[in-house]
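A.B. asks: So the chains spell out like this:
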Amino acid sequence: MRWNAQARAVTVSFGLVGVFSVFSFRLIDLQIAKHEEYTALAAEKHVHKQVIYARRGIIRDFHNEPLAENVPVKTVVADASHMRDPVAVAKAIADQLKMDPQELADKLKTGRRYIVLKRDVSEAAANQIKEALRIANLGGIFFEQDFVRTYPNGPLLSQVVGFVDHEHKGALGIERTMQDFLQGANGFRYIEQDRTGKELVPYRGLESAAKDGCDVTLTIDLGLQNIVENELDRAMAEYKPKGAIAIMVRPQTGEIMAMASRPTFDLNDPGEADPDQTKNRAVVYMVEPGSVFKIVPVSAALNEKLVTPETTIFCENGHFMYGGRLLRDAEPQGVLTVHGVLQHSSNIGAAKLGLQLGENRLYDYARRFGFGQKTGIALTGEISGLLSPPQHWSKLEITRIPMGQSVAVTPLQMVMAMACVANNGKLMKPMIVSQITDPTGRVVATFSPEVERQVVTPETCRKVIPALQDVVAAGTAKSAVVPGFKVAGKTGTAQKIDPKGGYMSGHYVSSFIGFLPADDPKFVLLVTLDDPTVKGELAFGGRTAAPVFSQIAVRAVNYMDLRPTEQVPPPAGIKKVALVPHGRH
Amino acid sequence: MNRNRKKITYSIKIASIFKVVLATAILAVSGLSYVYLKNQLHQYGEIQRRLERELTELRANNEVVRAQIAQLSSRVVLEKKLAKDSLGLVPIANDQIVRLNQRHDTVGDALRVVSNRGFNQ
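Here the protein sequences line up with chains A and B, keeping their order. For the record, in the first sequence the residue sitting at position 8 is 8 according to this note's numbering, with numbers rising by one throughout. For the record, in the second sequence the residue sitting at position 25 is 1025 according to this note's numbering, with numbers rising by one throughout.
Honestly, the hints are just simulated from the structure, not real lab data. Treat the hints with caution; some may be incorrect.
The calculated DSS-like cross-link candidates involving lysine-lysine, where the alpha carbons are at most 30 Å apart (straight line), are [stated by the list, open to error]:
(1) K198(A) with K1038(B)
(2) K1038(B) with K242(A)
(3) K240(A) with K1007(B)
(4) K240(A) with K1080(B)
(5) K34(A) with K1038(B)
(6) K130(A) with K1038(B)
(7) K1038(B) with K45(A)
(8) K1081(B) with K240(A)
With the Cβ distance kept under 7 Å, some of the chain B side facing chain A (calculated, not the full set) [stated by the list, open to error]:
(9) G1031
(10) S1033
(11) L1041
(12) G1045
(13) Q1048
(14) A1070
(15) Q1071
(16) V1076
(17) K1080
Even glycine gets a Cβ: it sits at the ideal position worked out from N, Cα and C.
Please take these sequences and the hints and turn them into a complete structure.
C.D. replies: Put into structure tokens, the structure is as follows:
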């Protein structure tokens, strides 16, 4: 059969249509049916999600001195899938990375697309690596932005500021409690890269900017903190206690001005610290308060108008039998006034005030002063202490709790209770964070002083404070004196509890809590020494903690430029002269 | 036979040629512009990438320097330096401080305020 021209043309046309139809179907299959699949494959090959790191917020003290900063560093990453000469690359960068070239080359020879070679490489070292690669015309090494947290003051305020873990999450202290404000939010950007790994900027995809973290300002005054820490170090050297705590509070607001704990550690090297060093003893340490607690029964009895400061109490000449057990005073006393009970720190006097108050009222006042419950301070690990309700008390508790036994408190609770007396009976919530600002400096949150409750009346406080002044002027804490200022305070010496039961003989927790000027207190300061040693003497609070209080307070009043309220004898060689006011010659 | 042949003339259709040339030119210019603009886009992208990197590096260096300043001016470092360099600086002892009680009479205060105003101007 001979085909005519028309038949041939039709055949060829059908052939072409068929071929192009196949192509078209394949195109439709690729472009439409399998679009998602191939787009994903292409994206996997060329598109990367680039993280834009947010800057962690800075922690500052009350005067904006930085306590925690960020130092940018780089994570060095290799893409060995496109590396022409892994050995040459290893040789070029090994020195800067302080790594063995052979070990590095072995890593690069794996041909993987993402190999983390080293973290926390300084900016300077990263620049040197870039330069070395540029000169040798080598590629395949990339840098990811990261940061390390640094603490310019090292061990100063360590347990309060805290530190971050390897994921940059707060692990302790303010770093942890303020994590949500400090961390910010990382941003991201989808980028497309060419064969050499260079970004193709016109093909950038979805992008979200990083949101830097907020800065946190504390109520801590680093000047005062430095004084407190220096004096605490001196006390550690002198009395060799197992631990020491100092807390300074502004009584009217509850602001923590300084807070230190020993043993301590360097924030820049938290890995080297033992768990004991990282404990902020001010909030996690539970002790029997000892005589410091006597402010509770005395204030309560005065507030309930059961007694006046002049009411006399027979102190049994130092031996009081109650509930089949003997209660002693360190210095036997006969008849004391309520004022004298506090001044001479009589256990028997305090016990009798407790009996007069009764279990329920004593418990109620102890709770009202904040014992047995957390203060709610923004610090990690705070404990509530131990104050059992009266239904769990034995017959002895009513005489033991008023003298600070059978009750366990934290140093922070103790200082806040004394601050309550100094603040006309208002118990304040302790404040450690003053404000939070965003990266542009706009204030996001300001923390105002919070009154927890009116524990006792201002009139009661006016009766308690003179007794506390006499503790320093003529009582158990004469070494707490601060020249030029009336100091009010109370010593505490509690026997340490033996883990096997009972008390440990010759081991004490010695404390002094005081405030000044007594008439218009500018700060309340607690000093607690855990098992101090004094040669040939018992380590009473008045003998160990009170002098440390005095040393801190003397330096603090100078730092704060407080005007002395009492006459201080002028130094030798200085004459008093009359001043002629300016312009009146 | 030649006489019988019709003389057929084909005039050049300038308008058509012009249209084709114009269309081709437009297509060519569009194509070239597309390529040129795409190149420009890549070039500017590259400039943007470089500038972004520079900005990031500047910010990073700024942070490094700020951290160094904080470190060098921290109390701990300053105290160590003070002790090491033996500058002879000691804290002022309490008995070396003399406080002068200022007069608080109205005339004196008023004079001081006026004098300060003058000074500020």
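A.B. asks: Evaluate each hint against the coordinates.
C.D. replies: Results of checking the hints against the structure:
With a C-alpha separation of about 17 Å, the suggested pairing of K198(A) with K1038(B) holds against the 30 Å cut-off. Distance restraint check for K1038(B) and K242(A): the Cα-Cα separation of roughly 73 Å exceeds the 30 Å cut-off, and the hinted pair is therefore not satisfied. As the CA atoms of K240(A) and K1007(B) are separated by approximately 130 Å, the hinted pair breaks the 30 Å bound. Taking the CA atoms of K240(A) and K1080(B), the gap is about 23 Å. The hint holds against a cut of 30 Å.
Of the supplied pair hints, the one linking K34(A) and K1038(B) holds, its CA atoms being roughly 28 Å apart against a limit of 30 Å. Between K130(A) and K1038(B) the alpha-carbon distance is near 29 Å, which keeps this suggested pair within the 30 Å criterion. Simply put, K1038(B) and K45(A) have alpha-carbon atoms about 22 Å apart, close enough for the 30 Å limit, and the pair holds. This hinted pair checks out: K1081(B) and K240(A) have alpha carbons roughly 27 Å apart, not beyond 30 Å.
Among the interface hints, the one on G1031(B) is violated; its C-beta lies about 18 Å from the nearest C-beta in chain A, farther than the 7 Å criterion. Proximity of S1033(B) to chain A is violated relative to the hint, the smallest CB-CB distance being about 16 Å (cut-off 7 Å). A distance limit of 7 Å between C-beta atoms decides the matter here; for L1041(B) the minimum to chain A is near 5 Å, and the interface restraint holds. At a threshold of 7 Å, the smallest CB-CB gap from G1045(B) to chain A is about 3 Å, leaving the interface hint in force.
For Q1048(B), the interface hint holds, since its Cβ comes within 7 Å of a Cβ in chain A; the closest pair sits about 5 Å apart. The closest approach between the C-beta of A1070(B) and any C-beta of chain A is roughly 4 Å, which is under the 7 Å cut-off, so the hint is satisfied. Satisfaction of the interface hint for Q1071(B) is found here, the shortest Cβ-Cβ separation to chain A being roughly 5 Å, below the 7 Å cut-off. A cut of 7 Å between beta carbons decides the hint on V1076(B): the least distance to chain A is about 5 Å, and the hint holds.
Annotation: interface hint on K1080(B) violated; nearest CB of chain A at approximately 10 Å, more than 7 Å.
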